[in-house]
Amino acid sequence: MTFLRNAWYMAGWADEIGDAGLARRIAGQPLFLYRRADGAIAALLDRCPHRFAPLSKGTRDGDMVVCGYHGLGFGPDGKCVRNPFAEKIPAGSDIPVFPVEERDDIVWAWLGEGSAADPALIPDFGFVPDAPHSRTVRGYTLMQANYEYGTDNLLDLSHIEFVHKGTFAGQGVIFGGEHSVQVDGDTLHSNWWMPDIAPPSVAQGVFPPEAKVDHWLDMRWNAPASMRLHVGVAPHGAGREAGFEVPQAHILTPADEHTTHYFWSSTRYHDLDSAEADAMLLALFGEAFDLEDKPMIEAAYANVRGKDFWKEKPLSLGIDQGGTRARRMLEQMIAKEQRAG
2 MTFLRNAWYM AGWADEIGDA GLARRIAGQP LFLYRRADGA IAALLDRCPH RFAPLSKGTR
62 DGDMVVCGYH GLGFGPDGKC VRNPFAEKIP AGSDIPVFPV EERDDIVWAW LGEGSAADPA
122 LIPDFGFVPD APHSRTVRGY TLMQANYEYG TDNLLDLSHI EFVHKGTFAG QGVIFGGEHS
182 VQVDGDTLHS NWWMPDIAPP SVAQGVFPPE AKVDHWLDMR WNAPASMRLH VGVAPHGAGR
242 EAGFEVPQAH ILTPADEHTT HYFWSSTRYH DLDSAEADAM LLALFGEAFD LEDKPMIEAA
302 YANVRGKDFW KEKPLSLGID QGGTRARRML EQMIAKEQRA G
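If you count by the numbering used here, then the sequence shown holds residues 2 to 342, one letter each, in order.
Cut-off 25 Å, straight-line C-alpha distance, at most; resulting in silico cross-link-like pairs (PhoX-like, lysine-lysine):
1) K312 to K337
2) K314 to K295
3) K337 to K308
4) K295 to K166
5) K58 to K80
Simulated restraints on C-beta separations:
6) G127 to D279: 14 to 24 Å
7) K308 to E162: 19 to 29 Å
8) G127 to G240: 19 to 29 Å
9) H231 to Q145: 21 to 31 Å
10) R61 to R329: 38 to 48 Å
11) H231 to K337: 21 to 31 Å
12) G206 to D62: 52 to 62 Å
13) D279 to H237: 28 to 38 Å
14) S116 to G240: 41 to 51 Å
15) K89 to P133: 47 to 57 Å
16) K80 to V207: 51 to 61 Å
Treat the hints as calculated values from the structure; they're not laboratory data.
Backbone N, C-alpha and C fix where the C-beta goes; we use that ideal spot for every residue, glycine too.
Kindly generate the complete structure, drawing on both the sequences and the hints.
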């Protein structure tokens with residue numbers, strides 16, 4: 002499978018990269034990420050050039066990574082700086098490094114040409130870090146499915162009515178809603194607007210059961226698969242500013258063609274010091290993503306694993322146009338990248 006190279010991929014949450022570093026496969030490439038003494042993050046190919054042992058299985062000596070197999074040492078710039086068997090450093094011993102940016106408590110890695118790694122291209126997830134007025138819970142799951150099938154799922158939120166009956170309570174509100182898809186440059190928006198309905202599950206306890214509200218689900222997609230969801234509810238006819246929103250991150254990073262890292266977060270603006278609220282939300286989203294979404298996506302992908310998506314002639318229902326257009330946009334970006342060499 003061909004992946005988009007000149008793009009920022011989420012490598013992990015910033016707090017995942019502790020003293021031991023983090024080994025993570027991204028788009029078929031094994032990476033080892035670790036913090037230097039100055040706090041900046043280095044990302045090396047997790048493969049010693051001698052006998053290809055993972056550097057993540059080695060040790061650290063200051064900013065140097067020491068291979069655990071034969072003791073070659075590498076600096077954060079990928080250069081071999083220690084050969085325990087001779088004073089001379091062998092030719093061809095340097096290893097690839099990857100540009101890294103730490104932003105919004107997220108670590109991003111760039112897999113393409115280093116000169117093209119523009120931090121301005123990183124999507125905004127500014128709501129993720131805790132602030133005096135907000136609190137965020139976050140999580141991670143590993144899916145045995147191609148990442149584009151995860152994108153399909155997230156850009157078609159009508160599945161909530163069926164897949165998430167045990168968590169987000171499918172109440173039929175989608176069927177009375179309006180779905181729209183817009184493209185602005187390289188950004189796609191797949192939005193649902195559901196006016197004049199009973200309070201959905203996210204608003205129960207905020208509005209009385211007899212109230213009428215307007216409900217929206219606004220999803221933003223940026224290639225390869227970084228998505229931001231705004232879940233909002235307001236009194237019917239009062240305008241969005243009269244209600245509240247729950248911003249969420251849903252970011253998919255392919256480990257390889259058949260495996261996907263799924264990072265998610267949800268931010269709230271109340272009960273900021275409540276460990277009980279944290280635990281409740283972690284349990285809710287853990288159930289929704291690990292026990293509802295994940296089994297369905299993995300089972301669907303298993304039915305077509307190794308086959309060309311379009312040649313299988315997937316049926317279109319209209320509500321899936323967000324995922325369809327995102328697939329086409331990503332294909333065009335990859336083709337353009339390949340033409341450029």
